[in-house]
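S.K.: Read off the chains here:
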Amino acid sequence: MQAQSSIKSDAHLPAQWHPALFDYLLRLGDDSLILGQRLTEWCGHAPALEVDLSLANIGLDLIGQATLFLELAGEVEGKGRNGDRLAFHRDVLAFRNCLLVEQPNGDFAQTMARQLLFSTYSHALFEGLCQSAEPRIAEIAAKAVKEVRYHAELAADWVIRLGDGTEDSSTRMIDGLDWHWRFVEELFEVDALEQPLVEAGIAVDRTQLRAAFDTRIAAVLTEATLPLPVYPRGIKGGRTGHHSEHLGHLLAVMQYLPRSYPDAVW
Amino acid sequence: MYTTELGKPDAKAPVAIGGEDPALVAAFEARVAADEFIEPKDWMPEAYRRTLVRQISQHAHSEIVGMLPEGNWLTRAPSLRRKAVLLAKVQDEGGHGLYLYCAAETLGTSRDEMIDALHSGKAKYSTIFNYPTLTWADIGAIGWLVDGAAIMNQVPLQRTSYGPYARAMVRVCKEESFHQRQGYEIMMALAGGTPDQKAMAQDALNRWWWPSIMMFGPPDDNSPNSAQSMRWRIKRDTNDELRQKFVDVTVPQAEYIGLTVPDPDLVWNADKGGYDFGAIDWEEFYAVVRGEGPVAKERMKARRDAWDEGAWVREAASAYEATRAARRAA
Ligand SMILES: [Fe+2]
Ligand SMILES: [Fe+2]
Numbered sequence: 001m002q003a004q005s006s007i008k009s010d011a012h013l014p015a016q017w018h019p020a021l022f023d024y025l026l027r028l029g030d031d032s033l034i035l036g037q038r039l040t041e042w043c044g045h046a047p048a049l050e051v052d053l054s055l056a057n058i059g060l061d062l063i064g065q066a067t068l069f070l071e072l073a074g075e076v077e078g079k080g081r082n083g084d085r086l087a088f089h090r091d092v093l094a095f096r097n098c099l100l101v102e103q104p105n106g107d108f109a110q111t112m113a114r115q116l117l118f119s120t121y122s123h124a125l126f127e128g129l130c131q132s133a134e135p136r137i138a139e140i141a142a143k144a145v146k147e148v149r150y151h152a153e154l155a156a157d158w159v160i161r162l163g164d165g166t167e168d169s170s171t172r173m174i175d176g177l178d179w180h181w182r183f184v185e186e187l188f189e190v191d192a193l194e195q196p197l198v199e200a201g202i203a204v205d206r207t208q209l210r211a212a213f214d215t216r217i218a219a220v221l222t223e224a225t226l227p228l229p230v231y232p233r234g235i236k237g238g239r240t241g242h243h244s245e246h247l248g249h250l251l252a253v254m255q256y257l258p259r260s261y262p263d264a265v266w
Numbered sequence: 001m002y003t004t005e006l007g008k009p010d011a012k013a014p015v016a017i018g019g020e021d022p023a024l025v026a027a028f029e030a031r032v033a034a035d036e037f038i039e040p041k042d043w044m045p046e047a048y049r050r051t052l053v054r055q056i057s058q059h060a061h062s063e064i065v066g067m068l069p070e071g072n073w074l075t076r077a078p079s080l081r082r083k084a085v086l087l088a089k090v091q092d093e094g095g096h097g098l099y100l101y102c103a104a105e106t107l108g109t110s111r112d113e114m115i116d117a118l119h120s121g122k123a124k125y126s127t128i129f130n131y132p133t134l135t136w137a138d139i140g141a142i143g144w145l146v147d148g149a150a151i152m153n154q155v156p157l158q159r160t161s162y163g164p165y166a167r168a169m170v171r172v173c174k175e176e177s178f179h180q181r182q183g184y185e186i187m188m189a190l191a192g193g194t195p196d197q198k199a200m201a202q203d204a205l206n207r208w209w210w211p212s213i214m215m216f217g218p219p220d221d222n223s224p225n226s227a228q229s230m231r232w233r234i235k236r237d238t239n240d241e242l243r244q245k246f247v248d249v250t251v252p253q254a255e256y257i258g259l260t261v262p263d264p265d266l267v268w269n270a271d272k273g274g275y276d277f278g279a280i281d282w283e284e285f286y287a288v289v290r291g292e293g294p295v296a297k298e299r300m301k302a303r304r305d306a307w308d309e310g311a312w313v314r315e316a317a318s319a320y321e322a323t324r325a326a327r328r329a330a
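Chains as they are written, first to last, in the working numbering: chain A, 1 to 266; chain B, 1 to 330.
Isolated chain B (complex conformation) (with noise of 0.2 angstroms):
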């Protein structure tokens, strides 16, 4: 997920680093348990407060880096009105990513920082964008499964413990189900239009379907960092519980257009109310955090060179802002 913990596991991040006091870090659990919000000028562990900057500015690196496979399609879309609807989203992804720096920098780290940490590699963005769009109908899975995933693990960060991270995913929140739908129209047209777009659309789903419930990231057995937010209200449902409902949401949904769920071992089970399904393959899913996505090395360039290029213009802009500042000072 955009929000999964990608990075290494910060090893100075015990309940309560030494020194803290103890009242405080008692009063601060309390508030948390009682589903208070957390503000910015109220006192917080330093490994909340750390944990909290990773997951935040990940989160919204993801939204940034996010806009480009999408926006590859942007210039090709195949009618005036997907141009303008996907035009639409994406440019909501970049609002998305403006809320979450703006929540992060409340944190006590500036955007530029964070944009730092991102073009060094230091920071994660979400493995899901490191899958090429090949066709119109990546177009579609994307707003379909990616976004439906976001709104998964997003609907419950609204809740969250820190309270600008939680107003920020309100907005966001608002935005997201426009995104899911109109990707899954678009597969809708797909699969009920010519052959070749219903084969356009089903291997769009192949290609989609297991990056997407990666996304929710490792299992619950295996995920370090998991028990941490959950207790500081950071999080709110485990990773698999995510994972488990998306798979239940969406499985229904392919078959209504007429599509299949490219794993064999995927079936209803009566017991627990959901589905069961095949083994994830998690080798695949370290080695795209780890950078080796087959386009991560492309989104990474294309990030850096956005921002090299543009460095006069930032430049630009603040020398004139200095140069009016002095004039009205004068």
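Looking at chain A on its own, in the form it has when it is part of the complex (with noise of 0.2 angstroms):
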């Protein structure tokens, strides 16, 4: 399969599949954008030195992808759009991203809890989407995985560390769970938007992704001497545009300059 550059001209894709690959396209780059720039919010302020390099190291590798993902739905969508007007010129209805990334930070805890939880299921979604049909989404993944199977390595030591060190960090660790776990299920659906795209194969079947996701993350609770969370029902709405209360706060910060002077040139 020969890389294309440009749409038009590539087989894989008649124009029919366009408006679902532009969406799938700011589901993938969302993640990573509003995940990176939560991350931002640590810098200078970590427990640690160490620890406020790797934040930011984590942050960069996804700001860039959010990068790559954003350029290439602005490519696809062809309607002279690229990433920066679709990271800061879209209000939230528009963000496709899942819930899990737009929690807020928390303590230290918290924030490793959802790196965990995000990080583990995205190294299974780029192993898979280094497959995808379409070649520019393989090629971002084929990038991509590699940084984020650190990403979920640097979160499961952190989550092991902290599961298994004092009886503070313990309750912090279980609470940073707690938190989250309700945004798991969000991450392995498949809705009609997607499912053509998993047909074709360009698009990952995220409900595959669940076993091993699961099988991992209790092989690193179970190290961290913690328990699997539980929580009755899965909430959802980030890949329709109905996201949580923290995402309008997100973006008012992330998008303000852009907005506030929509001629200007950065």
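These aren't lab readings, by the way, just hints derived from the structure by calculation.
A virtual CB, placed ideally from N, CA and C, is assigned to each residue, including glycine.
Be careful, since some hints might not be right.
To be verified - Just the calculated beta-carbon pair ranges, DEER-fashion:
1. R324(B) to I235(A): 32 to 38 angstroms
2. R210(A) to S120(B): 48 to 54 angstroms
3. E50(A) to N269(B): 44 to 50 angstroms
4. R210(A) to G121(B): 50 to 56 angstroms
5. A218(A) to R327(B): 19 to 25 angstroms
6. R85(A) to A279(B): 46 to 52 angstroms
7. I235(A) to V249(B): 54 to 60 angstroms
8. K301(B) to G237(A): 36 to 42 angstroms
9. N105(A) to K301(B): 17 to 23 angstroms
10. Y256(A) to W268(B): 38 to 44 angstroms
11. D220(B) to D263(A): 44 to 50 angstroms
As the list claims (entries may be wrong) - Rough simulated footprint, nothing fancy, chain B against chain A, three-plus residues with beta-carbon under 8 angstroms:
12. 78-87
13. 253-261
With the hints as a guide, dock the two chains, each given alone in a separate frame, to form the complex.
M.R.: As structure tokens, then:
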């Protein structure tokens, strides 16, 4: 399969795919963007200098991934919007990230709980996307999968350390996981929009990723001497633009300059 | 500067402390004069060691506190590229802090002790970081002016007499020119942008110019420890020499992007081949050194809060390490 530089000449993707593919790319790009944005909030305030550096590192990778996915989304959409336009000039309802990534940082345990859940899921997803029938997605995934593997390992290390550290850290870790567990189900949902993309081999069937995710998380939590969280019902809505209350505030901060000076180039 | 002598002059710092073997002192001075590097295991005068710990730890603290004014704009960087570049830059500064703490630790002071000294107000950090970042243009001004000034100061430090410090500076300097460029690039975009953007850029230059040239520290005739540091090759240029160099390089850069340096007395002096510039408000400089900078309290509070709120994480990490070590031993 050869890499295609322009969607118009891409034999794999006739025009009828574009709206769904556009949305799918927003889901991928927005996940990375919003989590990257959250991590930048830590900068200069982490529990130790080394932690500050690794959080910045993860943030950088995520913003890089977001840039690639959103640029590609803009290209696929074909309406002249680039990555920046998409990142800074959409409102809440047009964002397609999962609810997990927009959750507030909380304390360091809560941040690491979110990172473990997201990166473990995202690693499996990108592994699958390396085989995407859309070569440009496969290309981004091939780069991102290595980064995300490292994020997942780093988060697992911290969850284990904090879970098996002191009584205080263990309690905080339990609370952190409890906060985020209700948003896990959404990660593995395939809706009507994604289904055809899955069938065409462009998207990954997220439902197939759940079992490996559960096994991995259970292994980490066992080593961390932490109980597996239980939550009766998953909370969803991010993929269709119905977010938590937190996202609006995040966007207000992130988008303030381009929105205040719409004619400016930075 | 990050390394300007800001602490109280050390009353106990004569050339050689009484009781030190004059032969050792003489041999040390000869090595320094011959531009040899002094290494951690080498004998050194106590005053040299003390001066270095103070200077290197102050430099490290400056890198760490310096993450705050720029961190203030990370969440609001106006494009994906600017956000990534700024994040990489701030991460570099954290890395600089880390190299420098390691270099200082080779002199027998632990990182925790140095951090305690910062949090208790005993150790200083560069005055420049006690000024607020009010607009995005301040991020441009910091990269352009503050990192630009840091380069002036740090390039000669690559040849400073203490080996670990010199080697840390080599790594640091590799990254600084990227920092300066990203800042200047932000300023260039703003200065060539909309009237609002240009006004923002000029305002930032107006506010950061004087504090930036103050960074080089007091004038040479009022810089008590300078001569000693020069003799020991801890320092290789005087404050005024570096300041002049900075002004000469920076003024044409401002002109090139159409910004005005806020100094009515600034004039090219063909005889000396450099600019003459107006009087610096040293009152303000010393007030900021004393901890009276506009956001000094905010900066110190942010550092102390981060440290205190992270205590449970550091405790958990060491408890975990201890358990593992015990398990391995069992
Ligand atoms: Fe630095
Ligand atoms: Fe720098």
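S.K.: Under the constraints set out in the numbered hints, which ones does this structure not fulfil?
M.R.: none
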